[in-house]
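Enquirer: The chain contents come next:
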Amino acid sequence: MSKNISSLSGRQGLENNLFERISERPDKETLAALAEEFLVGKANTFGAVTFYDFLKPENQGKEVYVCNGTACLCAGTQEKLQQDLEKHVSADKIGHMTCLGRCHENAAFQYNGKNYSNLNEEELSSLFEQKSLPGTDDYIIQHRGTPVLTGEYDKNELFDLIRNFLNQNSADVLDEIISSGVRGRGGAGFPMGIKLEGCRNAAGKQKFIVCNADEGDPGAYSDRYLLEKQPLLVLIGMMAAGYVCGAEWGVLYIRGEYPESVSACESAIKELTDAGLLGQNINGSGFNYAFKVVTAQGAYICGEETALLSSLEGQRPEVRVRPPYPVQEGLFRMPTVVNNVETLAAVPYILLNGGEAYKKIGTERSSGTKLLSLDSFFNRPGIYEVDMGTSLNTVVTELGGGFKSKVKALHIGGPLGGLVPLSKINDLSVDFESFSQNGFLLGHASVICVPFDFPMAKYIEHLFEFTADESCGKCFPCRLGSVRGQEMFEKAQEGSYKIDRQLLDDLLETLEQGSLCALGGGVPLPIKNALQYFEEELKGYFE
Amino acid sequence: MKKAYINNKAYEINNGETILSFLKRYMGDKPVPTLCDAPNLEPFGSCRVCSVEVALEAGGRTKTVASCHTPVQENFHIYTETESVKRLRKNIIELVLTDHPLDCLTCEVNGNCELQDVAASVGIRSVRYPEGKTHLDREKDLSHAYMTSDLSKCINCYRCVRACDEVQGQFVLSMAGRGFESRIIKGMDTSFADSDCVSCGACSQACPTSAISDIFESKSIVSSTKTRTVCTYCGVGCNLEVASTNGNIQSIRAPYDAEVNSGHTCLKGRYAFSFYDHPERLRDPMIKRNGTFEKVTWDEAYDFIVDKFNQIKATEGPDAIAGISSSRCTNEENYLMQKFIRAVVGTNNIDGCARVCHSPTALGMQRAFGTGAATNSVEDLHYTNCMMVIGANPTAAHPVTGARIKQQAMKGKTLIVIDPRKTELAKYADHHLALRPGTNVAVLNMMMHYILKENLHDQEFLSARTEGFDGFKEEILNLDIDKMEAVSGVDREQVRAAAIAYASAENAMSFHGLGVTEHSQGTYTVQQIADLAMITGNIGRRGVGVNPLRGQNNVQGSADMGVQPHQGAGYLDVTNPDINKAYKDFYGVEVPSEIGYKIPEMFDAALAGQLKAIWIIGEDVVQTDPNTQKVIKALKNTDLVIVQELFMTETAKYADVILPGASFLEKSGTFTNGERRVQRVNAVVKPVGNSKVDGQIIIDVMNRMGYNQADYTPDGMLEEISQIVPFFKGISWSRLGKNGLQWPVAEDGTDTQILHTETFKRGLGRIDFFPFEESNELLEHQEEYPFILTTNRNLEHYNCGAMTRRTNNVEISTEDLLWINPADAEAKGIKDGELICVKSPRGKVDIKAFVTDGVKPGVLSTTFHFPEIMVNNLTSDVHDSQAMCPEYKVVAVDIRKAKNTAFRKAGELVD
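The listed protein sequences correspond, in order, to chains A and B. Quick note on this note's numbering: the first sequence kicks off at 1 and runs consecutively. Quick note on this note's numbering: the second sequence kicks off at 1 and runs consecutively.
The reader is advised that the hints may include incorrect statements.
Calculated lysine to aspartate or glutamate pairs in the EDC-like style (CA-CA distance at most 20 Å, straight line) [as the list claims (entries may be wrong)]: (1) A:K56 - B:E181; (2) B:K427 - A:E37; (3) A:K28 - B:D189; (4) B:K86 - A:D506; (5) A:K28 - B:D194; (6) B:K427 - A:E398; (7) B:K295 - B:E650; (8) A:K28 - B:D196; (9) A:K3 - B:D430; (10) B:K133 - A:D500; (11) B:K63 - A:E512; (12) B:K63 - A:E509; (13) B:K411 - A:E509; (14) B:K86 - A:D505; (15) A:K205 - B:D430; (16) A:K491 - B:E131; (17) B:K133 - A:E465; (18) B:K413 - A:E356; (19) B:K422 - A:E37; (20) B:K86 - A:E490; (21) B:K63 - A:D506; (22) A:K205 - A:E15; (23) B:K133 - A:E15; (24) A:K205 - B:E506; (25) A:K3 - B:E17; (26) A:K528 - A:D500; (27) B:K411 - A:E329; (28) A:K3 - B:E300; (29) B:K86 - A:E509; (30) B:K133 - A:E461; (31) A:K404 - A:E15; (32) B:K63 - A:D505; (33) A:K56 - B:D189; (34) B:K133 - A:E490; (35) B:K133 - A:E36; (36) B:K844 - B:E650; (37) B:K411 - A:E37; (38) B:K422 - A:E36; (39) A:K498 - B:E131.
It should be emphasised that the hints constitute simulated quantities derived from the structure, not laboratory data. Predicted model only: the values in this text are computed from it and were never measured.
Work the whole structure out from these sequences, hints included.
Expert: Right, here's the structure in full:
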């Protein structure tokens, strides 16, 4: 991260955004001109675009992107999909995207700016004839407990909510959020109120609220649900956060793999604008607010908040050291709140019903509700909202309806979440504490089933490979360790090599203790789970 | 007192410091291994080998954190050597070695490689991983005049990228790709030679391995001797650490503990040293006989000179002799030269290059404040809120200060640039007032007009500390804004905004260069800059002040030492009888009390037949003084021309006697930088051939002319100087230490970072109003010569280029170029790279066109580094009305496409 580039990019701000500019036309000539315009180096604009899957020179000009996320991998649908697609598009025009959030039915791909999943051959043919098909993105949406996020909200009621909180003292609005006890839903579980208070108290010419909508965890699509089906909840959460902190900009950083989320949010912003609830001096309150929707360009690490901020500035999205924390020095070196979609979406409920009402939902330390996304191995794949503390078994058997075919483990909370063997399902409830006490991680609470016949060594290799592919490359342990781990398991499966267990343990410890961020630091967890719970299956690979 | 514990022992912590800096304070330089950390870079946290364990109570549960970026907090219990962190460090290095060539014995940095040191300290004995992907096949980049890279040795610590960004601010280096495939790139993945690299070498010094280095292999340990000295190339005064073996200089790096440059320097300081033993160095004294130079012994040369001097003195009087001293020489040598001229010859005909650069600064600031030197220090950039750079291009001429200003500007500090050209800093400026050359006075008056109109002046400061404000106020409020806007060509609203920015900043500081002084109204402009500081109360504390960027390395010192015809050593007035007596008593001989010739007057006197002998040290007046042909005529008309030089310069060609002097690498003494910092210069090698330390040459002549002066030693000379120069009172060779002292230095050794904190040297600060006046150059010639040429210098070359043209710098900047606006180029049918014939009332030259919007239509700009061009054939006789500094910045010229496509030297073009 370069303070200089942060500031120089900040001179142009969000209206002439360097990241969007390099994303629009990543050719060398344009990048050189942009370097001149933004007073940065050519190495900076060029170096930034080479980071992103969708921008790097070798990936330019692809027509179709096949999902290579974990859920589609486990479902085993992608090989056939690739063959089917090659009947319509030449192989060199087919690229990859990591998880399109179609984990509920798999065989996912993106074409012409839209996502599709599970199309039959006939549907595929007509898609390539017509260039577009109406969306077929059906999944179950259900709640057990309080529908904080999945409830039906009346639009006018939500608009009134904005008018109401803008009439209140912003300190009172903050108090409601603090008293709700709502914790960050992106995985880290940091209390939102404390973050807002930190930003509110920080000095800065400008402040920003950034919605982290870069839901990169393969298997997760609950944010996608909120962005597409409940965008007003997210936007109003951002406005309330802005009102509390004195920020006049809300930025939605939405992953490029979710084109429908981008358009849904843009429509919702238009509704707010039309209702006179955005712009200068909103409803006579003296509060100004504007939204900016930014489409990401394919890099898992951008889900890490500091990498996301660097991305937004047009820098290479490499993880920053903390402190300074974003609330002190974030986007363009100004105080910034970065919150996950689901966290922000809880705010309207809190403001409508009071912080205390929200606090009563869930457990003592994990208040509120949690969304879970279930993949296609469940009989009833979809998005489920449960009160924190609900038993995992309820989610798996009652809501998800059990498995379509035999499964040996659930990978919960994304690639860095724990690998839960079936035997442990009954021990867990959906809250931060239960998972961590049992040696797992609730994370963002996506649930991917590892099929019974899927080799655990291959799964571990996949996790290392994912980390290697997505590592920003800044810290030594992650950049090098992820590759060496992947190579060890690759060679072991080929049969030419037996893994030195001490070396593997050293590697996992190095990643866990030494990595700068949760990517390198987090991947040892599921691998250690696998080594513990599938020792028998794996022992042939070791010396 | 807040405490934290290191391995169970309590120590005091500083607020906000990192664990690493806390550890360093108590455990020494390397308390834990580090790779990505560097003294002049921000904490980055990539290598993780500095990790330590931290508990919140003794024996409590620990967490592993990287010490370089984790702030220490009260009651932290830090454990630096637990089994767990030792294992972690070793395991990280083992990973690094899976993708690093193990060819240490033949590696350039063998024995001085940080990776090697860390690997040794963590005890790696084997790499256990199976063979996998590596990047060992990356190719070397040897494309550049100085920089090299071998990225197979790269460990991705980003130190080079960060140095290029955080230290130099050039952004040449970055990473491409991500994860395991991320790699260092130059520009858009090009070579060093094809990139925008400015060759500062910060990346090479930062690199912990040999991944980025330079042609001198500056990190190799071949050289055993390291000498700390001060750079010769500008007034910043960078400290250099020079590595040498057996009397040969190998390489130069910048010491991190140097207060002036903190581990940074530019390509001139770091790489342009090889001139010192260039085959063309003058190695023997020479006397011109029958038009050709003949080698002679020192004794022959001295006898010849002394005879002539004695003879001229006897027949024509001492005032027929003059000396030009050199601002590249030490304080001690300058002191000796003025002493020789005054006490031995008996005239005040002594002057130096300050005449043609900052004489208006010295005079103007003396008039306003009482002291003709920078009021503050470069360090103050950290405390200021607004920087005003006027008539200066520090990223080229004072690169380390320029880089520091740029760093502050990039991070959002207000920057005002007043310059006709779109300089590097102008690109980053909030306010760039691109005025017509020669109209500084108009623009500064407009600024002060708006400050008073907006009521942004500091009445309290004005009442307490200044005089003359009331009269000034009346004049400035009546300023004819319409007219000033028209003459300067700068929109009034732009000026107003800049004025408000300067006046309303909590602390505002100004920097100025020769774009202020080298004008017919140069001294007045300096006084205006002082006025601006005083009316806004920006003087006498941290982060404010008036700060001239002194050009040559010791131009401040040469003036301090008395190298000017009206003031002796310590700026004392030679016409004052009391002072005359003091000098007489001190030197033990009569000294003259009439003001002597300034440099331009010397040439006039020579042409009039009144000046018979001139001794010029280290100043190429033919190439660098204005109106070349006039200077040549003047030298030809002088009976005895002695030139003491390193090379056969254009001036040396007209000498009767040539004395081979010594370069800065061959002598000891002191230089005084632009912030009044007197620093020790230490000889690295002996003078080449039969050349001699310049100070000793002067002493030899003094002794032969009957004045008893002890042999040259820096400590002995400083002792003498400290007894006559009041502000050197507390200075001694031993006291100066590594980082020098800023004058005035009191008897007890206390030095001074900020001047005028309580009162001005002259009592009250003097505020004067000066109306804009058009230069005679334009009044007389503009109709016939409608373009304005303004001259300047570039990054790669220093003044006449005698030194830098004899280094690889000449591969990077090969010739002088003429900046011309695209509209003018089109109108004249000139394409980029074509030769333009530039004609002034004095002469004409052919220069290659560089078509750029860096200058406005009607304005041209070029450098004067190459004798092939001899740009000063064009420049005029107009001088600053007060200090006689030539007006290099405003030359009336006309242009056309050159008749010849092949280049012809200036001399061949002269009518």
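Enquirer: Hint by hint, which ones does the structure fall short of?
Expert: When the structure is compared with the hints, numbers 6, 13, 18, 20, 23, 28, 31 and 35 turn out to be violated.
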